[in-house]
Amino acid sequence: EKMLSGRSWSCIVAALVTLFLLDAAVFAQAKSFEDVRCKCICPPYRNITGHIYNRNVSQKDCNCLHVVEPMPVPGHDVEAYCLLCECKYEERSSNTIKVTIIIYLSVVGALLLYMLFLLLVDPLIRKHDPYTQPLHNEEDSEEMRPQVDSSQARGNTVLERVEGAQQRWKKQVQEQRKTVFDRHKMLS
Amino acid sequence: MESEQLYHRGYCRNSYNSIASASSDEELLDGAGVIMDFHTTEDDNLLDGDASSPGSNYAMSNGGGAASSSTHLLDFLEEPIPGVGTYDDFHTIDWVREKCKDRERHRKINSKKKESAWEFTKSLYDAWSGWLVVTLTGLASGALAGLIDIAADWMNDLKEGVCLSAMWFNHEQCCWTSNETTFAERDKCPQWKSWAELILGQAEGPGSYIMNYFMYIYWALSFAFLAVCLVKVFAPYACGSGIPEIKTILSGFIIRGYLGKWTLMIKTITLVLAVASGLSLGKEGPLVHVACCCGNIFSYLFPKYSKNEAKKREVLSAASAAGVSVAFGAPIGGVLFSLEEVSYYFPLKTLWRSFFAALVAAFVLRSINPFGNSRLVLFYVEYHTPWYLFELIPFILLGVFGGLWGAFFIRANIAWCRRRKSTRFGKYPVLEVILVAAITAVVAFPNPYTRQNTSELIKELFTDCGPLESSQLCQYRSQMNGSKAFTDNPNRPAGPGVYSAMWQLCLALIFKIIMTIFTFGLKVPSGLFIPSMAIGAIAGRIVGIAMEQLAYYHHDWFLFKEWCEVGADCITPGLYAMVGAAACLGGVTRMTVSLVVIVFELTGGLEYIVPLMAAVMTSKWVGDAFGREGIYEAHIRLNGYPFLDAKEEFTHTTLAREVMRPRRSDPPLAVLTQDDLTVEELQGIINETSYNGFPVIVSKESQRLVGFALRRDITIAIENARRKQEGIMLNSRVYFTQHAPTLPADSPRPLKLRSILDMSPFTVTDHTPMEIVVDIFRKLGLRQCLVTHNGILLGIITKKNILEHLEELKQHTEPLAASWYYHKKRYPSSHGSNGKPGSRVHHVQLIRSFQDGRVGGGGDSEEEEEVHLLDGSNL
Numbered sequence: 001e002k003m004l005s006g007r008s009w010s011c012i013v014a015a016l017v018t019l020f021l022l023d024a025a026v027f028a029q030a031k032s033f034e035d036v037r038c039k040c041i042c043p044p045y046r047n048i049t050g051h052i053y054n055r056n057v058s059q060k061d062c063n064c065l066h067v068v069e070p071m072p073v074p075g076h077d078v079e080a081y082c083l084l085c086e087c088k089y090e091e092r093s094s095n096t097i098k099v100t101i102i103i104y105l106s107v108v109g110a111l112l113l114y115m116l117f118l119l120l121v122d123p124l125i126r127k128h129d130p131y132t133q134p135l136h137n138e139e140d141s142e143e144m145r146p147q148v149d150s151s152q153a154r155g156n157t158v159l160e161r162v163e164g165a166q167q168r169w170k171k172q173v174q175e176q177r178k179t180v181f182d183r184h185k186m187l188s
Numbered sequence: 001m002e003s004e005q006l007y008h009r010g011y012c013r014n015s016y017n018s019i020a021s022a023s024s025d026e027e028l029l030d031g032a033g034v035i036m037d038f039h040t041t042e043d044d045n046l047l048d049g050d051a052s053s054p055g056s057n058y059a060m061s062n063g064g065g066a067a068s069s070s071t072h073l074l075d076f077l078e079e080p081i082p083g084v085g086t087y088d089d090f091h092t093i094d095w096v097r098e099k100c101k102d103r104e105r106h107r108k109i110n111s112k113k114k115e116s117a118w119e120f121t122k123s124l125y126d127a128w129s130g131w132l133v134v135t136l137t138g139l140a141s142g143a144l145a146g147l148i149d150i151a152a153d154w155m156n157d158l159k160e161g162v163c164l165s166a167m168w169f170n171h172e173q174c175c176w177t178s179n180e181t182t183f184a185e186r187d188k189c190p191q192w193k194s195w196a197e198l199i200l201g202q203a204e205g206p207g208s209y210i211m212n213y214f215m216y217i218y219w220a221l222s223f224a225f226l227a228v229c230l231v232k233v234f235a236p237y238a239c240g241s242g243i244p245e246i247k248t249i250l251s252g253f254i255i256r257g258y259l260g261k262w263t264l265m266i267k268t269i270t271l272v273l274a275v276a277s278g279l280s281l282g283k284e285g286p287l288v289h290v291a292c293c294c295g296n297i298f299s300y301l302f303p304k305y306s307k308n309e310a311k312k313r314e315v316l317s318a319a320s321a322a323g324v325s326v327a328f329g330a331p332i333g334g335v336l337f338s339l340e341e342v343s344y345y346f347p348l349k350t351l352w353r354s355f356f357a358a359l360v361a362a363f364v365l366r367s368i369n370p371f372g373n374s375r376l377v378l379f380y381v382e383y384h385t386p387w388y389l390f391e392l393i394p395f396i397l398l399g400v401f402g403g404l405w406g407a408f409f410i411r412a413n414i415a416w417c418r419r420r421k422s423t424r425f426g427k428y429p430v431l432e433v434i435l436v437a438a439i440t441a442v443v444a445f446p447n448p449y450t451r452q453n454t455s456e457l458i459k460e461l462f463t464d465c466g467p468l469e470s471s472q473l474c475q476y477r478s479q480m481n482g483s484k485a486f487t488d489n490p491n492r493p494a495g496p497g498v499y500s501a502m503w504q505l506c507l508a509l510i511f512k513i514i515m516t517i518f519t520f521g522l523k524v525p526s527g528l529f530i531p532s533m534a535i536g537a538i539a540g541r542i543v544g545i546a547m548e549q550l551a552y553y554h555h556d557w558f559l560f561k562e563w564c565e566v567g568a569d570c571i572t573p574g575l576y577a578m579v580g581a582a583a584c585l586g587g588v589t590r591m592t593v594s595l596v597v598i599v600f601e602l603t604g605g606l607e608y609i610v611p612l613m614a615a616v617m618t619s620k621w622v623g624d625a626f627g628r629e630g631i632y633e634a635h636i637r638l639n640g641y642p643f644l645d646a647k648e649e650f651t652h653t654t655l656a657r658e659v660m661r662p663r664r665s666d667p668p669l670a671v672l673t674q675d676d677l678t679v680e681e682l683q684g685i686i687n688e689t690s691y692n693g694f695p696v697i698v699s700k701e702s703q704r705l706v707g708f709a710l711r712r713d714i715t716i717a718i719e720n721a722r723r724k725q726e727g728i729m730l731n732s733r734v735y736f737t738q739h740a741p742t743l744p745a746d747s748p749r750p751l752k753l754r755s756i757l758d759m760s761p762f763t764v765t766d767h768t769p770m771e772i773v774v775d776i777f778r779k780l781g782l783r784q785c786l787v788t789h790n791g792i793l794l795g796i797i798t799k800k801n802i803l804e805h806l807e808e809l810k811q812h813t814e815p816l817a818a819s820w821y822y823h824k825k826r827y828p829s830s831h832g833s834n835g836k837p838g839s840r841v842h843h844v845q846l847i848r849s850f851q852d853g854r855v856g857g858g859g860d861s862e863e864e865e866e867v868h869l870l871d872g873s874n875l
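These protein sequence lines are chains E and X, in that order. Position 72 of the first sequence, counted from 1, bears residue number 72 in full-length UniProt numbering, the numbering being contiguous throughout. Position 385 of the second sequence, counted from 1, bears residue number 385 in full-length UniProt numbering, the numbering being contiguous throughout.
Accuracy of the hints is not assured; some may be wrong.
[Claimed, not checked] For the chain X half of the interface with chain E, some residues (derived, Cβ under 8 Å), not all of them: (1) Ile150; (2) Gln173; (3) Arg186; (4) Leu200; (5) Ala235; (6) Ile368.
In short, the hints are calculated from the structure, not lab data. Remember, predicted model here, so these are calculated numbers, not experimental data. Just so it is clear, CB atoms sit at the ideal spot from N, CA and C, and this is done for glycine as well.
My request is simple: use the sequences and hints to build the entire structure.
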C-alpha cells in the first residue's frame, strides 16, 4: 500500500512536471503579441538626453534604424547616433508566468487551508483519538500494535485508507518536529 | 593508491587467516561454506574493481534474494525474509553489503535474460533505469527551479507594489512592453503601482515613503511567518540549507523523510516565501535539496534504486549536480560541485549521469526562461575588458578578505547555532524568524542596496559601467559632457552619485555581514551562497572603485603608467565585484575548482580564470589557517552527524586495540553463540542491550568468530518465524550453523537463522594501526569492523567509535577546538551515532537513546516498519 502511495506520488509529481513543461513549450511556440520586444537603449548624445525605445518588431528588424522612431538627430548624424545605441531582442512567455503564479498561489492557498484545518478543526473533531496521544512510553507502544495492524487490515474503503495514511503521516511529522524543534538533534 | 592496495591486501590476509584458523578445527563445515562463498564471488569482484581486493572474501548470504551457492540446497525456511537487509531511521548503511546485493540482483537478471522476451525487456529496462531516473530528476528539478525563480521574483516585488494590468507580473515584467520608461528611471511605468500610490494616491512625499516602508515590513513579516508556520506544521525537515544533511546522507546515513515528498513540496513553497521576505538568504543551497528530493522520489519508480541504498545514493549525487546546475546556470560547475563538495562515493558512471542530469535540468530551465533574459541566472554578466598583471594584488587582497570573512562567519555562526541548540532560546523558532525578519526589513528598507533583492544587487554590482548604464554607481562626472567621455577617457573621476553609493555600500556590507550570521540556521529554507556572494561583491566593488579612482588620480605611478595609458578601460570595478564574490564564497564553503568553474560559467569569459583562481586559492589558504573546516563540515560536526570526512588526514599512531570496545573497565562484549541459545535467551540479550548488531562466536569456550548478525534482522526473523513456522516456542534452540545441532528428543523445533548471518564480517587484528582502520572505513563505507586476536574475537570498532576517537585526539591536540564532544555529552540522544553495536562508553545514554528509538520510528509494530522500509516513499 505504501508502495502504491509512493508510486502515485511520483506519478503526480511527474504529471505536474510534464504539465508545466508542456505549458512552457506550448506557450513558447505561440508567442503572443506582447511577448516579444526589441529594446534599444540610446545613451545621451550631444545635447540629446538618453532614451529607451521599445517596439514590437521581429528579430531581424531589431536594430536602431527600425526601432528608434522618431529619430532625434538629423540625417547625417544617424549613423553616429545609432552606433551608440544598443538594441536587444527579447522574448518572454507571459502565459508561463501567469500559470506558474496561479499554480503557486493555489498550492499555498490549499496548504494554508489544510494547516488551519489541522490546527483548528481537527482537534475538535477527534478529542480522544488513539493516534493523537503520543507514544510516550513503551507500554503504550505495545498496546498500539494491534490497533495499527487492524487499521491497516481493515482499510478497505478508500476513505479509511486515506485516513490511515494521514495518521501515519501525522505521526511522522510529529516525530520530525520533535527531532528538529524539541531535541535539536538536527538542522540547528 | 599503491599503498592503499597494499593495506588492503595486508588486511585481507589478516581476516582470511582468521577465518581459516577458525575452520581449522571443529568447524569444518562452516569454514567450507566460507571458502565456497569466496570462490563464487570472485568473478564479480573482477568486474567491479572498486571493492575487489578487500571484498574477495566477502559474501552475503542473508535475505534479499542473496542466494549464494552454499545456500542453494535450501529448504523453504531459507527464502528471503521480508525486511531483512533494510535499515532503521538514523542508522548507517553498509556500503559493501549494498554493493553485494546489487551485484547479486544484477547477476540474477542477467541469467534470466535469455529465458523469454519479457525477461529480456525487463533487463533492458533495468539497464536503462539509471539514465531514465536521472532524466526525470533533471526534468523535475529544472521545472521546479523555474517555478521557484518566477514565483520568488513576483513575491519579492509584491513588497513594493503590484502590477495593475496583470497581477501575475513582477515589476520588470510589468513594465516590459511599456514605452513610458525613461533613460534615467528605467524601472518606472504607469502600470506598476507602489502601495503608497494605491492606498494614499500619491507617489512622492514623506507620507508615501512611510506607507511604502510600512507595507514593506508588513509583507516581509507575513511571508516569513507563513514560511516558518508551513515548515513547522508540515515538514520540519525542510528548514536550513540541507547541504550538510545531504552530505551526511550521501556518506551513508539514513534520515527517513528527509528527502520525501512533503519535504520537497514544503521546501519549494517556503523557499519562495523565505527569499521574498527579504531575509539575508539565498535559494541556491536549498535548490540542491529540492533536486535531491526529486531524485529520491523518482528512484522509487525503479526497483534497482528503490531497494538499494547505495545505488540510491548514486542518483542523489547526480541530483545534487542538477540542483547546482539550475541554481547557477552552471552545468559543469554542478557536476564538479557534486564531486568536490557533496558526494562521498563518485564512480565514473555517476559522473556521466550527473553530467546528463545537469544538462537536462539546465535545458529545461532555459526553455522556461524565468528571467526573460535567455539566461539561467539573473546575474549573468559578460565582460570583454582585459585585466592586467598588477591587478593580481587587489585580487589577492580580496582573497584574503574572503578567507577572513569565511573564518569569521563560520565561527560566529556556529557559536550562534550552538547557542540556539543548547539554551532555551532555541525553543522559540517562530518568534526568532519573525524577529530576524523584522530587524532585516526595518534596517534594509532605507538603504536602496539592501532593499532590493540580493540577486539583483549582485547583478548591479557585477555589471560594468558603460554609457548605457544609469545606476547611481555609474554617475561619473565626465558623463555629463556628452559623447566624448566614453571614447577618450574611460577612467573617470567619481561623481557625487558614486560617493553616496560608496557610503550606502559600506553600510550594506556591515548589515549583510551581521544579518547573515543570524539568518543562516533559522527554521526556514536558507541558503548561504547568495548572501556570501553579495558580501564579496560589495567589498569587491568598493575595492574596484577605489582602484579606479587611484588609477585616475595617480596615473603617473609606474604601475598605472605601464598599463593604463592605453585608451581602453584599465580597471573594471565589476570584475572586482565578481572576484570578491568568488573569494567570499570560497572562504565560507572552502570549495575551489567547482567554485571557479561556476563563476566562470556565470561570466562566460575564460580570460578571468586566473584572477578567480588566485582569489579563491588565497581565500582557502587564509580560511584554512583559522580553521580547516568549511561551513558545511562545521554544521555536520555541530549536529553530530556520523560523517567520516574523506578529506581529513589521520596522523596518529594509535592501534585498533585502543579504540575497540569493550574497554578494559567495561562489561564484556555482548555476543551470540552459534548453536546453544534459545529464542528466549536471544530475545533477552536483544532486549537488555541496545546494540545494533552482535558478533556470533562458536561457543563461550572457544570464542572463535563465526559471523555477525544485525539486531534488526534478528528481530524481524524471529517475528517472521513466530508467524509462519509452527512449533517455534520460547525454548526453541536457535542455531546459525548449516545443520541443526543434536537435541534431546522432546525439545521443540529449532530455529535456523543462518540466512541472516553475515558470515564474512570485516575483521582486523588488534595490532592493526588505526590509520589503516580509518582508511578501510572511509574507502569501503563500513559500519562496523570486528577485532580479533589469533582468530579469537576481542572486540568491535564502529563508525561512531572512530568518530569519537578522532574527536578525542582533536581535543587532545587542539583544546580550543569546537566543543562537539561536550555537546554530545549534554545532548546524549544524538542519533545515528547512538546505539552502534558494542559501544559501551556511554552506556546510560545508549539505553536512553534506545528508548527514544523505541518510542519513535520503530515504536509501533515491526511489520509496519517493514512495509515502510521496503517500499515506503521516504528514504
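These are the hints, each one checked on the structure:
1. With its C-beta approaching chain E no nearer than about 5 Å, X:Ile150 sits inside the 8 Å limit, and its interface hint holds.
2. Below 8 Å, beta-carbon pairs count as interface contacts, and X:Gln173 has one with chain E at about 6 Å; its hint therefore holds.
3. Checking X:Arg186 against chain E by beta carbon gives a least distance of about 6 Å; that is within 8 Å, so the hint holds.
4. A distance limit of 8 Å between C-beta atoms decides the matter here; for X:Leu200 the minimum to chain E is near 26 Å, and the interface restraint is violated.
5. Proximity of X:Ala235 to chain E holds as hinted, the smallest CB-CB distance being about 7 Å (cut-off 8 Å).
6. Nearest Cβ of chain E to the Cβ of X:Ile368: about 5 Å, under the 8 Å cut. The hint holds.
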